[in-house]
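Fit chain B with the ligands to the known structure of chain A by using the hints.
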Amino acid sequence: MKRYLETGNFAITEGAILAGCRFFAGYPITPATELAEAMSFRLPQVGGMYIQGEDECAALHLCIGGALGGYKAMTATSGPGFILYADPYGWAIGCEIPLVVLNSGRVGPVSGITGAPGQGEFYLTRYPTQGGNFETIVLAPNSAQEAMSVIVESFYLAERFRTPVTVLADQLITDGFEDISVPENEGEMKEMGFRTWPRKINKGPVFYPSTDEIDIPPVVLGHNTGALCSDWTPTEEGYDIEEVAAHHKHAYRLIYKVRNHKELFNNLYEKNFMDDDPELVVVSYGTPSRVVNTAVKKARQNGLKVGALRLINLWPFPDEHFKKKTKYLSVELNWDGQLVREVQRAAGKDSEVHFMGSCGDLPTVADLIETFEKILKGQPLKRRGWELEEW
Amino acid sequence: MDYLSKKYLRPRKIPSTACSGCGLGMNHKAVVQAIYELGLEVEDIVWGTSIGCAGRQTFGTWKGDGFAGTHGRVYAIARGLRLTLPPEKKIILTVGDGDAFGIGLLHLIHSARSNADLTIIVNDNLGYMSTGGQYGWTTPHGSKTDSSPYGMYEHNLMSDGMDVLGVLKHAGATFLARHVAMDGQRAVESIKKGIRNRGLSLIHMVYPCPTNFGSRELGTRDTIKMYDYIKSQSAPMGEEKENTLWATGIYHDTSDSRPEFSENIHKNIEKIRRAAAV
Ligand SMILES: Cc1ncc(C[n+]2csc(CCOP(=O)(O)OP(=O)(O)O)c2C)c(N)n1
Ligand code: SF4
Ligand SMILES: [Mg+2]
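Those protein sequences? They're chains A and B, same order as listed. FYI, in the numbering used here the residues of the first sequence are 1 to 391. FYI, in the numbering used here the residues of the second sequence are 1 to 278.
Calculated from the structure, these hints are not laboratory results. Take these hints with a grain of salt, some might be off.
Claimed, not checked - Quick list of the computed label-pair ranges, beta carbon to beta carbon: (1) R273(B) x I241(A): 35 to 45 Å; (2) T131(B) x L5(A): 49 to 59 Å; (3) S232(B) x I255(A): 48 to 58 Å; (4) G187(A) x A276(B): 22 to 32 Å; (5) R195(A) x R273(B): 20 to 30 Å; (6) E213(A) x A277(B): 36 to 46 Å; (7) C19(B) x S210(A): 48 to 58 Å; (8) S210(A) x S232(B): 51 to 61 Å; (9) L5(A) x D256(B): 47 to 57 Å; (10) D2(B) x R259(A): 45 to 55 Å.
Cβ coordinates follow ideal geometry from the N, Cα and C atoms, glycine included.
The shape of chain A in the complex, shown without the other chains (with noise of 0.2 Å):
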């Protein structure tokens, strides 16, 4: 084990290096530029493949090229480059394309503020391209080390799915310093951990219509298989249908072979005090979740019944953590609330679901207690400019 005092990127590229990722396509842009920098500089000196593309746009269709020669690729940016992706995404997704993006959320709408933490796009990672009729895995790490190894497990998940695999940072996990530990064998990877699986080529039919089977090898091209792939409805051959009762089969399969088989990544989250049934549940993911914890700690010190529950794995929503009849916060890096909306689906109308936003700036741990205090003892939110809002 080697560590370091380096940034998320450093820990990002490190472990896509790990995971077997030969293919980097990028754009540059804050804060993901020094992720792109990073992977120019190491994927060379591995025999691998940095490529700057003249668009986001290019750059994942970059990846899926790559990827249908047979390697594992990766892109990373932020928000204004992540909207360019949409098209790529689709393709993607629809041709069943292991991939990782990653997405370093920073300030919108549009360019924003390019140097602060943003979580703007919980359900554009979930929606990342149009039409509908798929599910998409994203998992959200909170400091550099779980960067890594949510890296190394997106591109596990990319390969067994067959789909592309979104990790949705921010822009203090890819550009602050911390303390790494970047493993230097395979009995290491083990010891944190780390799973990878191999590339395999297709040799059967492109596509699998009706079925949620995964560990199904993706499509490669240039090995005379005659695979076919394209952004129209396939047949299993991948011949373009114009037929409802074919695209209900495509459908089916890019819906429930995620669906189906969420054990894979479902323990992916961490819980803090949730042992005692606590009156109040904080929920988070990402950069916010490292001062919910701090807080939740200090307000069990003061006697506040108060329990964290921190996501990584983001989607498909892991309802089943909100069984419980109890009282939710979701604490998120956004004024118009996102999160908390899943949070309030899931925890259905018996529970009391409430919100905490900020734009641009983090909740500090006072305002966090403060703020359990309040909803504990029933009392309203809202209070001077800091903008809580009921819901």
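Coordinates of chain B with the ligands only, in the frame set by chain A:
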């Protein structure tokens, strides 16, 4: 096309679903004929297409491996594939004019800039025809289409002394040619040169669309009239007449003159990898 289709094409896709009288098949045949004359086999080629008539009619016709991109994006997919396929595999793309010169132009220019070894056949039916017939970036001035009911008056890539092939030449393409569907063996020879070039080759091939172009501009679906319209306005380079819109032949040929995209990248990676291993 019998012996050619037996050798190279999938029976499921014959006959194509193109309108009767469509000239796309002539372009398609010229490409397959060129492949045959070069002695290439099914496994030597990965075939990519766009959407639209040009894309969908040719998608899945090749017996070997094939793919189709969304509108305008096949050039970026093909470049990624170029990097990860062995250099001896040829990549041929059959695409539409709207795809290549409109929505995909940025990706196309960067394919030329990087000199990626791709042979791109732009099947130009003078606009967006599978969407019913709207003007595009090569539609002759004055043409009536569904989106230019008063005659097309926007500047485009073939008007006012412009030539889309000039744009691509300056962007770095190493082989460029223009033909019309009726050019027969002359077109085949250009396509052969394009496939042979280890770099970006593009062959612009104008073809007749009686259904959506002819019916609006000529007021008839008459196939002969549409063929005449194209044929009479084309002439071999150097033999242009006053009404010539499409001067046919090789526009630019610097084949094999500068390092190919993937070759260049792999060479540099290998250098870095070796230095890092020391
Ligand atoms: C992003 C996007 N925009 C628009 C369309 C609709 N569309 C489908 S085919 C087509 C025409 C393409 O024109 P061209 O490339 O010239 O092909 P043609 O049909 O003329 O052969 C268009 C615009 C689409 N499929 N995707
Ligand atoms: S619409 Fe025109 S280009 Fe398309 S298939 Fe019919 S004739 Fe051919
Ligand atoms: Mg067209």
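Now for the hints, and whether the structure bears them out:
1. R273(B) x I241(A): 35 to 45 Å: Holds - the Cβ-Cβ distance for R273(B) and I241(A), about 44 Å, lies within 35 to 45 Å.
2. T131(B) x L5(A): 49 to 59 Å: 56 Å, holds
3. S232(B) x I255(A): 48 to 58 Å: 54 Å, holds
4. G187(A) x A276(B): 22 to 32 Å: 23 Å, holds
5. R195(A) x R273(B): 20 to 30 Å: 27 Å, holds
6. E213(A) x A277(B): 36 to 46 Å: At roughly 40 Å between Cβ atoms, A277(B) and E213(A) fall inside 36 to 46 Å, so the hint holds.
7. C19(B) x S210(A): 48 to 58 Å: Violated, at about 34 Å.
8. S210(A) x S232(B): 51 to 61 Å: 53 Å, holds
9. L5(A) x D256(B): 47 to 57 Å: 49 Å, holds
10. D2(B) x R259(A): 45 to 55 Å: Since D2(B) and R259(A) have Cβ atoms about 49 Å apart, the given range 45 to 55 Å holds.
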